[in-house]
Amino acid sequence: MLDNTIMQDTIIHRWGTKPKFISFILLVFSFACVKSLALLPVILLITTIIFGLSGVPLQFLLQRLKMPACFILIMGLVMLLFTQGQVVGQLGFLTVTREGAVSALLMMGRFVCILTLMMVLFSTSTFLEVLAVMQAMGIPELLTDMLMFTYRYLNELAVMFRQMNTAMIMRGFTGQKIKALYALSYLAGTIFIRSYEQSQRIYQAMAIRGYGQKCVDKPYREASREDQVLCAMCVVAALVLGSVQFYLLYPGV
Amino acid sequence: MHIPDGMLPGSVCIAGYALTAAGTAIALNRIKKLDNPRQEIPKVSVLTAAFFVASWIHIPIPPTSVHLLLNGLLGALMGHFAFPAILIALFLQAVMFGHGGLTTLGVNQIIMGFPAVLAALLFSGLKNMAVHKKWGMPAVGLATGILGIGGSLLLFLLVLVSFIPANVDPVAEKAAIYATVIAHLPLVVIEGIFSAMVVSYLQKIKPELLELRK
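Protein chains in written order, with numbering that gives the first Met the number 0: chain X, 0 to 252; chain Y, 0 to 213.
Calculated from the structure, these hints are not laboratory results.
Keep in mind the model is a prediction, meaning the values are calculated, not measured.
Hints should not be assumed to be uniformly reliable.
[To be verified] Derived SDA-like pairs (lysine to any residue); straight-line CA-CA distance at most 25 angstroms:
#1 K205(Y) to V158(X)
#2 K31(Y) to Y246(X)
#3 K178(X) to P59(Y)
#4 K178(X) to I192(Y)
#5 K203(Y) to A100(X)
#6 K34(X) to T94(X)
#7 K203(Y) to G124(Y)
#8 K203(Y) to R200(X)
#9 K65(X) to F28(X)
#10 K32(Y) to M147(X)
#11 K205(Y) to S54(Y)
#12 K32(Y) to G209(X)
#13 K31(Y) to Y16(Y)
#14 K34(X) to T47(X)
#15 K34(X) to E172(Y)
#16 K65(X) to M107(X)
#17 K205(Y) to V160(Y)
#18 K31(Y) to P139(X)
#19 K173(Y) to S161(Y)
#20 K178(X) to N164(X)
#21 K34(X) to V160(Y)
#22 K133(Y) to L154(Y)
#23 K173(Y) to A100(X)
#24 K32(Y) to N127(Y)
#25 K65(X) to H57(Y)
#26 K32(Y) to E196(X)
#27 K203(Y) to Y181(X)
Model the full assembly from the supplied sequences, consistent with the hints where possible.
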C-alpha cells in the first residue's frame with residue numbers, strides 16, 4: 000500500500016503536506032514540459048536531491064519503476080531506431096539518429112523524474128493528509144470520499160479475491176484453457192455481488208457513526224516558515240524551468 | 000492502454016486534465032440530483048475497488064494470458080458514477096503501482112472514461128428491452144464490453160499517433176499501429192464475451208445490481 004515509509008524523520012517527511020503537494024505538482028508539470036536536452040540534467044539533479052533527502056529506499060523506487068519501465072523502454076527503442084534525421088550510428092539495417100536519441104532520452108528522463116517525485120510525495124505523507132489537501136484545493140468532497148472508501152476497501156477485496164481464487168484451485172480449477180472464461184466470469188460476478196452487499200452494510204454503519212456531517216479538524220497541520228521556504232524554492236525552480244524552456248523553444252520572443 | 004508519465008507534452012497533459020475536469024463536473028452534477036448521493040458513495044467505491052481487483056483476473060490465451068480492462072462493464076453497472084469511478088481507479092493505479100501516470104491521468108481518463116460513459120448510455124438504453132428476450136442481456140453485455148475496450152483502443156491510438164514526435168518514420172508508425180490493433184483484437188472479443196457472461200450471471204443471481212425494471 001501507499002505511505003509505507005511514513006515513519007521516517009527526514010526534511011521531506013517533516014515538510015507540511017499542503018506546501019509539499021503544491022510544490023511537487025508544479026515541479027512534475029514543469030518536468031512534463033521539458034523538451035530541450037540541456038534541461039534534462041537539471042531535472043535529474045532536482046529529482047536526485049529530493050529523493051536523497053526523502054530517505055525512501057532505492058529498492059522501493061526500482062520496484063515501482065519495474066512495470067511501467069517496460070512500456071517506456073519499448074517506446075524509447077521505437078523512437079531511437081525509427082525516427083528520421085541525422086544518422087549517428089548503424090546497427091545492421093537499423094539506424095540510430097540524433098533526433099531519435101534525443102527524443103528517447105527526454106522521454107525516459109521525464110518519466111523517471113516524474114514517477115520518482117510522485118512516489119516520494121505519497122511515501123512521505125499519509126493518504127488521509129493528501130486527501131484532505133486535495134479537498135482543500137477544490138477537489139469535490141464526493142470525489143475525495145469515493146477515493147477514500149475505494150482505498151480503504153481495496154485491500155479487503157484483494158484478500159477476498161485471493162481466497163476465492165485459492166478455493167477454486169483447491170477444487171481443481173487450473174485456469175489454463177480458454178474454457179476457464181466461464182469460471183473466471185462467475186468469479187468476477189461473485190466479487191461484484193459480495194462487494195455490493197457489503198457496501199449496503201457499510202453505509203448504514205457509517206451513517207450511525209456520523210458520516211455526512213462536517214469535519215471540524217483538519218488532519219494536516221498548517222504550513223510553518225520552513226515549509227513555506229521549501230515551497231517557494233520549488234515554485235521558483237518550476238517557474239525558472241518553464242521560462243528557460245520557453246526561451247529555448249522561442250528565442251526570438 | 001495506460002500512457003505513462005513523460006510520454007506526452009505538458010500542454011497535452013493539461014488539456015487532458017481540462018477535459019477530465021469538465022467530464023467529472025457533469026457527472027457529479029448528475030449525481031448531486033439523486034435523492035441521497037452520499038448513500039451511493041460506499042456502493043460505488045466498493046464496486047470500484049471490486050473492478051480494480053477483477054481486472055487482476057488473468058484470462059488464458061495460450062501461450063500467454065491477458066488482463067481485462069472492464070471499463071464497458073463498469074459503465075453498465077455504475078451509470079453516472081462510471082466516469083468518476085474510472086478516475087479514482089486510474090489515480091490509485093498510478094500512485095500505487097506506477098501503472099499509467101499522474102501527469103497523464105487526464106488523458107488516460109479520457110481514453111478509458113469516455114467509452115465507459117458511452118457503454119453506460121448503451122446499456123441503460125437497451126437493458127429494459129433486452130431483459131424479455133432469451134439472449135437479450137448477454138447480447139447487450141457483449142456490446143457494452145466491446146464498446147468499452149474498442150473505444151479505448153481507438154482513442155489510445157489516436158493520442159499516440161497525434162502526439163508522438165512528428166519525425167518518426169511513417170512506414171514504421173503505420174506498422175506499429177497495425178500491429179497494436181491486431182494484437183488487441185482478440186482482447187476486444189474476449190472482453191465482450193466476458194462482459195456478456197458476467198451480465199448473464201448477474202441477471203440470474205442479483206438482477207438489482209443491473210437495475211432492471213420488472
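Tell me the numbers of any earlier hints that the structure contravenes, in ascending order. 2, 5, 17 and 22
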